[in-house]
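> One letter stands for each residue in the lines below.
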Amino acid sequence: MITVDGIDVGYDEIERILSHISFDVADGMFFGIIGPNGSGKTTLIKALSRTLTPQSGAIFLEEKDIASFSYRDLAREVSVVPQETNISFDFTVEDIVMMGRHPYLTRFSSETPADIEIVRHAMELTNTLRFRHRSINEISGGERQRVIIARALAQQPKILLLDEATSHLDISHEMEILSIITSLKGDVTVVAIFHDLNLAAHYCDELILLNEGRIVSIGTPAQVLTRENIRDVYGIDVLIRTNPMTGAPYVIPIVDQPVPAGGNLKIHLICGGGAGTDIMYLLHRKGYRVTTGVLCVNDSDFTTAQELDIPCVSVPPFSQVSPPALGELEKRLSDADAVLVTTMPVGPGNIDNIRILTRYPGDRIIMVEQEEVEKTSGDFTGGEADRIIAALKADGARIAGSYEELLTHLLTMKTKTKQ
Amino acid sequence: MKHRNAFVITTLLILLLASLLITVTMGPTSLSLASILEEPTAGMIFFDIRLPRVIAALLVGCGLALAGTAMQGLFKNSMADPYIIGTSSGASLGAAISIVLLGGLFLPVFAFIGAAVATFTVYMLAMHRGRAPVETLLLSGIALSMFFSAFLSFLMYSAGKSLHQIIFWLMGGFWNISWSDVWIALLIVIGCVILYAYSRDLNILSLGEEEAVHLGVNVERLKRILLFFSSFIVGIAVSIAGAIGFIGLITPHIMRLIVGPDHRVLFPSSMIAGALFLLWADTIARSFANEMPVGVITSFVGAPFFIFLLRRRMKA
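Quick mapping for you: the protein sequence lines, in order, are chains Z and Y. For what it's worth, my numbering labels the leading residue of the first sequence as 1, then goes sequentially. For what it's worth, my numbering labels the leading residue of the second sequence as 1, then goes sequentially.
The shape of chain Z in the complex, shown without the other chains (with noise of 0.2 angstroms):
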């Protein structure tokens, strides 16, 4: 177990880059610290290794301060994988595993046989042993990073740290590395900087948030990374959903920020079983002042609405439109320069959504049409809502069979009300 004292940290008296840091890592966890450039990150992470001394508190081995650790005893404990090394030498790579050795050996003795036993497995575990004779500085920079993981295997420690060891890889090294990594949890101990939330949150156990020297959260993966976090200490918007495959958070930034291209133009979207949930993203990015519904909250499009801050009148799950909702619906419909509809599946509980639009100006809506999503939509009113379609269009609805052509669309509408 790790435990962290309330340690601050600087590289100069004056200039402060961690303060008050206090917190545990349990045995055998995958314990990662996120935070924007600058927020304290390597610092930690060189307290962790003795690299830097805390100017205040300190930090614990099994209850023991490592500040007490001789190198090499220290060395057996704690190894590190950095960003990057340069070696100027031309080591082979089985040189540099072996390095991992040196805190067992004396200053008088040579390799043991159960040593060259160590150091094997160590190359065997990264997979580097087929290139173990050749030159450090031949390699790629992926083999390199794996060569390096395998010399801190070899000084057999309970905890790794990694100071964003991967950030230079593309993804299948990186993910390759850090899956080795996560098959050694349980016997070792691994504290990782993560720049990618996703990945951080794909295999942490827990994560630390740090901003500015300070923590901001620190917890599993879904207590640390949401909203408000992220927004908080990195500044931008995301949107946290679940990583389908691994029930982990996964975030999504929201790429740039509104823009007033859309100007003041009110848009209501007829919507429902997630065919609005693409046009509210487009609609949004592009600046339009989107509201929707007749939405039930258990429908996805629902969801969406509520992650963009678009105002959606809406009805408790699976039931239908009320008279209260078409109220709000039709006052949301009267203040709105264009109503799209989209291709969506229709039944009685949501025909209330259209029925009404027959007592609107044709020229105000369009009926958003794709072929691709054809099949997830439907009549399922026995005709009558392909007859309101019929009639919406021959009343001179426009039609859009692509999102470039409803913001061509679009662009064509004016404002009811000049301002």
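No wet-lab data here; the hints were simulated from the structure. This one's a predicted model, so the numbers in the text were calculated from it and none came from an experiment. Hints should not be assumed to be uniformly reliable.
Below, a sample of chain Z positions facing chain Y; criterion: calculated Cβ distance under 7 angstroms [what the hints assert, rightly or not]:
| no. | residue |
| --- | --- |
| 1 | Y71 |
| 2 | A75 |
| 3 | V80 |
| 4 | S88 |
| 5 | F89 |
| 6 | P103 |
| 7 | R107 |
Heads up, the beta-carbon is just placed ideally off N, CA and C, and yes, glycines get one too.
Add chain Y to chain Z, keeping to what the hints say.
Structure of chain Y alone, referenced to chain Z:
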């Protein structure tokens, strides 16, 4: 790999022994091995002049090559040489002071003190909160060398008749070697043994200071040991034979190409190669070049060879 390195070292050792036997016979007066025992004059030349000179050249060559190897490892740079931290400029200044002020009295002592003062000053200048980063060491060494050179130039400017003596000393050579010099040169061997004991630590240090700490090396202590014993060896070598250049740069460089960067092999092979190089350079100086300063020969051979290696590495 291991077998090959053992073969290289054995070959070098055999070459060294053979060279010893050959070079003792060579000089302004050539001696046959048989005549040494039969003729009293030949015996005297052999025991009082030739043998101490050959042994001194061997030990100085060995020491400079080893110190060069250690500095290259410490500075992670195969362009570093044993004089990089100001040792030679300090020794030269010390020697010049002795020549100008005392007529050359206690010259080796002054040279050694100069080397020691230079190294110590460089270390103290680079020291910051208990750490002396290698980059700062390197820069302080260059700055101090320049500063000492200014002093040296001033002394040479005001040296008058002894200018010739200073210049001769600066170029390095083994003209007046006696057995007392050899006894002092044996201290080089002690320094070599101690540095060899740290060869595995130096391997790790050559990866970088922070990584060495992670692998359990007490980096600051190791640096002090390396600097102290390298300077000790270089100080002694320079006080005996002057500031002979290029041996400490070229030898480790070439041997690293042959045996690889592992200091457990590189140290002994550089030592033997350095001894061989200086032994022959001095033999050529006294036999064919009319006692030309040996430093001229080492630089004359060394510099073009160094450029050759540099060009070859650029092509690789």
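> None of the hints should be skipped; say for each whether it holds.
Consistency of the hints with the structure:
1. The beta carbon of Y71/Z comes within 5 angstroms of a beta carbon in chain Y, closer than 7 angstroms, and the hint placing it at the interface holds.
2. The beta carbon of A75/Z is positioned within 7 angstroms of a beta carbon in chain Y (closest approach about 3 angstroms), and the interface hint is therefore held.
3. The interface hint given for V80/Z holds, since its Cβ lies 4 angstroms from the closest Cβ of chain Y, which is under the 7 angstroms cut-off.
4. At a threshold of 7 angstroms, the smallest CB-CB gap from S88/Z to chain Y is about 4 angstroms, leaving the interface hint in force.
5. For F89/Z, the interface hint holds, the least distance from its beta-carbon to any beta-carbon of chain Y being 3 angstroms, beneath 7 angstroms.
6. For P103/Z, the suggested interface contact is upheld, since its CB lies about 4 angstroms from the closest CB of chain Y, less than 7 angstroms.
7. This hint holds: R107/Z has a C-beta 6 angstroms from the nearest C-beta of chain Y, less than the 7 angstroms allowed.
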